[in-house]
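**Student:** Using the sequences plus the hints, can you model the full thing?
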Amino acid sequence: MSLNISYDSTFDGFLSVVFEIYRQRLVVGNITPDRRAGEDADLFMQPFWVETSEDSARRLKRAIVNAASEDVLWMLDVVFRSEVEGVEMQMLSYLRKLFAGLDPNYGKNIASAEMLPLYKIAQAVRREIGDMRGMVRFSKTDDGCYFAEIEPKYDIVTLLTDHFLRRFVNERWAIYDSRRNYGVYYDGRSPQEVTIPNLKALKAGLPPDAITQLWKDYYNAISIKERENPRLLRRCLPVHYWKHMPERDFANQLSAHSPPQVSLPSNVAKANSLARLASF
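Take the sequence shown: its letter number 131 is residue 822 in my numbering, and every next letter is one higher.
It should be emphasised that the hints constitute simulated quantities derived from the structure, not laboratory data.
The calculated lysine to aspartate or glutamate pairs, modelled on EDC-like cross-linking and capped at a C-alpha distance of 20 Å, are:
| # | residue 1 | residue 2 |
| --- | --- | --- |
| 1 | Lys844 | Glu776 |
| 2 | Lys752 | Asp762 |
| 3 | Lys934 | Glu819 |
| 4 | Lys894 | Asp833 |
| 5 | Lys752 | Asp699 |
| 6 | Lys811 | Glu776 |
| 7 | Lys752 | Glu742 |
| 8 | Lys934 | Asp908 |
| 9 | Lys799 | Asp768 |
| 10 | Lys894 | Glu842 |
| 11 | Lys907 | Glu919 |
| 12 | Lys844 | Asp868 |
| 13 | Lys811 | Glu774 |
| 14 | Lys752 | Glu805 |
| 15 | Lys844 | Asp822 |
| 16 | Lys934 | Glu842 |
| 17 | Lys811 | Asp762 |
| 18 | Lys788 | Glu805 |
| 19 | Lys811 | Glu761 |
| 20 | Lys916 | Glu938 |
| 21 | Lys844 | Glu819 |
| 22 | Lys752 | Glu711 |
| 23 | Lys831 | Glu938 |
| 24 | Lys844 | Asp768 |
| 25 | Lys894 | Glu884 |
| 26 | Lys891 | Asp868 |
| 27 | Lys788 | Asp768 |
| 28 | Lys891 | Asp833 |
| 29 | Lys894 | Asp834 |
| 30 | Lys752 | Asp703 |
Here are the simulated distance ranges between beta carbons:
| # | residue 1 | residue 2 | range |
| --- | --- | --- | --- |
| 31 | Ala892 | Arg863 | 12 to 22 Å |
| 32 | Asp853 | Lys934 | 16 to 26 Å |
| 33 | Leu905 | Glu776 | 35 to 45 Å |
| 34 | His854 | Pro808 | 23 to 33 Å |
| 35 | Asp908 | Lys799 | 43 to 53 Å |
| 36 | Arg726 | His931 | 14 to 24 Å |
We put the CB at the ideal spot given by N, CA and C, even for glycine.
**Tutor:** Rendered as structure tokens:
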């Protein structure tokens with residue numbers, strides 16, 4: 692009977708699963724993170740739990756680097772953070788072919804059937820990392836710590852750490868992913884992962900700060916009514932980021948006054964398309 696293998700939802704946990712699959716020659720039907728416990732229950736697969744082992748994860752990381760490269764290991768970590776359903780089985784398929792060693796260039800072949808979907812997922816995660824670097828908005832607490840709340844689509848909060856460490860090396864700050872209920876706190880010396888038991892109560896006790904008001908004043912000051920473009924705003928500043936941005940009031944107001952989209956008659960649209968083709 693094939694196994695439905697569960698683990699603790701960490702990257703090292705997944706690597707421990709792969710290590711045990713090879714060590715015990717396990718027959719795998721599915722790999723399920725514990726955050727999805729019960730979602731992927733299958734009567735025809737036997738439940739099997741794998742404990743995370745730092746030693747097993749370290750050995751597998753070394754094997755991946757030796758068979759491919761550090762870049763591939765980092766890509767797999769990024770792909771894992773996408774939390775795409777079934778991504779563990781996709782990565783397992785890639786690793787199986789990589790470790791088979793049939794093609795010495797397989798680890799660098801982006802176009803392979805196993806690598807290409809992983810590469811596309813990694814690109815999507817990287818795009819959000821790049822977007823989020825410019826979307827994080829800090830508020831200053833009474834004790835002088837800068838706090839920012841985010842809700843990214845992917846699990847990227849720890850991947851943002853290096854960017855803000857370079858920019859705020861002498862400040863205390865925290866970036867918290869309220870969707871996954873954990874974040875990173877930097878005390879001026881080293882970053883560490885933290886969990887806030889009651890985030891709502893903490894936020895309710897925070898008074899309005901000058902930084903938040905400064906953001907609002909800035910956007911009101913640079914706004915030129917005659918040049919407002921709600922459609923461009925939504926493209927450059929996706930709506931799902933607005934919730935935790937001080938300038939959201941300005942963005943919502945601008946979006947509310949967006950003119951209705953006018954659809955051209957089909958014959959006019961077709962004529963315009965033909966004209967564009969003819970111009971090439």
